[in-house]
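Novice: Respectively, the protein sequence lines represent chains A and B.
Here the first sequence is numbered in the working numbering, starting from 1 and rising by one per residue.
Here the second sequence is numbered in the working numbering, starting from 1 and rising by one per residue.
The set of hints was computed from the structure by calculation and includes no laboratory data.
Please read all numbers here as calculations on a predicted model, not as lab measurements.
One should not assume that every hint holds.
Unchecked claim - Some, not all, of what chain A presents toward chain B, calculated at C-beta under 10 Å:
id : residue
1  : Gly39
2  : Ser89
3  : Leu95
4  : Ala109
Don't be surprised by glycine CBs; every beta carbon is placed ideally from N, CA and C.
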Amino acid sequence: MIQVILSLYWSFFKVGLFTIGGGYAMIPLMEAEVIDTHGWLSAAEFLDIIAVAEMTPGPVSINAATFIGYRMAGVAGSLITTLGVITPSLVLLLLLSKILFTLIQKPEAESFLNGLRSALVALILLAAYSLGQAAIVDIPTIAIFVLLLAASLIKQISPLYYIAIGAILGLIFFPY
Amino acid sequence: MTAPNTLAGPSGSKESLLTILLTFLKVGAFTFGGGYAILPVIRQEVVINRRWVAEDAFADILIITQGMPGQLALNSAIQIGVRLRGTIGGLVAALGVTAPSVIILLIIAAWLYPLYRDNQYVHAVFYGLRPAVVALIAAAAFNLGKDILHGTRGIILCAVLLITAIISQVHPILVLVAGGVAGLLVCKRECH
Chain A
1 MIQVILSLYW SFFKVGLFTI GGGYAMIPLM EAEVIDTHGW LSAAEFLDII
51 AVAEMTPGPV SINAATFIGY RMAGVAGSLI TTLGVITPSL VLLLLLSKIL
101 FTLIQKPEAE SFLNGLRSAL VALILLAAYS LGQAAIVDIP TIAIFVLLLA
151 ASLIKQISPL YYIAIGAILG LIFFPY
Chain B
1 MTAPNTLAGP SGSKESLLTI LLTFLKVGAF TFGGGYAILP VIRQEVVINR
51 RWVAEDAFAD ILIITQGMPG QLALNSAIQI GVRLRGTIGG LVAALGVTAP
101 SVIILLIIAA WLYPLYRDNQ YVHAVFYGLR PAVVALIAAA AFNLGKDILH
151 GTRGIILCAV LLITAIISQV HPILVLVAGG VAGLLVCKRE CH
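Looking at chain A on its own, in the form it has when it is part of the complex (with noise of 0.2 Å):
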């Protein structure tokens, strides 16, 4: 059990730690944690929880964090959880806040996020791929998949709308 709080502690400090300017930065790093490193959940499991998180208010990796930390070990699981992910914020924040306002506006570091977004955006691509597997397995998964990236890059709306289309097509096409 000591050894379950002290792995799901650390893999979500360093979700927490690499997760830089917020979003879905944060779904690759959750990935490789908890599918890929652990085995703690499946594909399908790891998007259901993201699906959740995303319904449900307030920082979607904090949510995510939660659910997860319960799923493997209980209410003191979801408080590790939630504590690692937001233990590198706290540290950062509340002694070094300073300092990185300065170090921020240097040149250099503009360059050093420049590479790390571009770094970002292949890995929730790749992110996407992977998971898409676990997701998109038949032909109603596949249109509300194509419905929805292509609505999404014509126009950018809320998460909420896709929540709500996913689970009304879900409702009405699925296999029962």
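Could you slot chain B onto chain A? The hints should help.
Specialist: Chain B in isolation, oriented as in the chain A frame:
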């Protein structure tokens, strides 16, 4: 940048920790859709409604928020808490923005999920949600790419990293660090 301890309240008096907690609880409990949806709500609360920070100070907060590790909503909440009441203010703001997530997700994971896990309509909903989430993730990659990959170097760097990541199967942290170092080396003048 305004000093972190600047008190920007309208009366200049110290904000109570309870007010900070309640403000960020509200942000955490009623904002859907993650970071980029939450930031405008935080701005509305702290710049316009409560006037805790001025517009330019909020812009400074966003620079740090987006350039450093962590969740966007959490990073900005902590900084605002610190400006109002120092370290304890930062901790209280973090607690406020995080607690609703933990409580709501615990209720779902511990109670709702086991109750409905075997219901066929729930299966049907998740059957449709999975490709929707994959579309969201793919769209995030495309939109981020559109925003940041302007120069040829950025695009080449992204392609090289993508191929390297596929072939080598290394941990994403290594790919991120490699991207950052490559950025330092090749993006000095023009990348984006």
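Novice: Would you mind marking each hint as holding or not holding in the structure?
Specialist: Structure-based check of each hint:
1. The closest approach between the C-beta of A:Gly39 and any C-beta of chain B is roughly 15 Å, which is over the 10 Å cut-off, so the hint fails.
2. Taking 10 Å as the C-beta cut-off, the interface hint given for A:Ser89 holds, the closest approach to chain B being about 3 Å.
3. With a least beta-carbon distance of about 9 Å to chain B, the hint placing A:Leu95 at the interface is held under the 10 Å criterion.
4. Evaluation of the A:Ala109 hint against chain B yields a held restraint, the C-beta minimum of about 7 Å falling below 10 Å.
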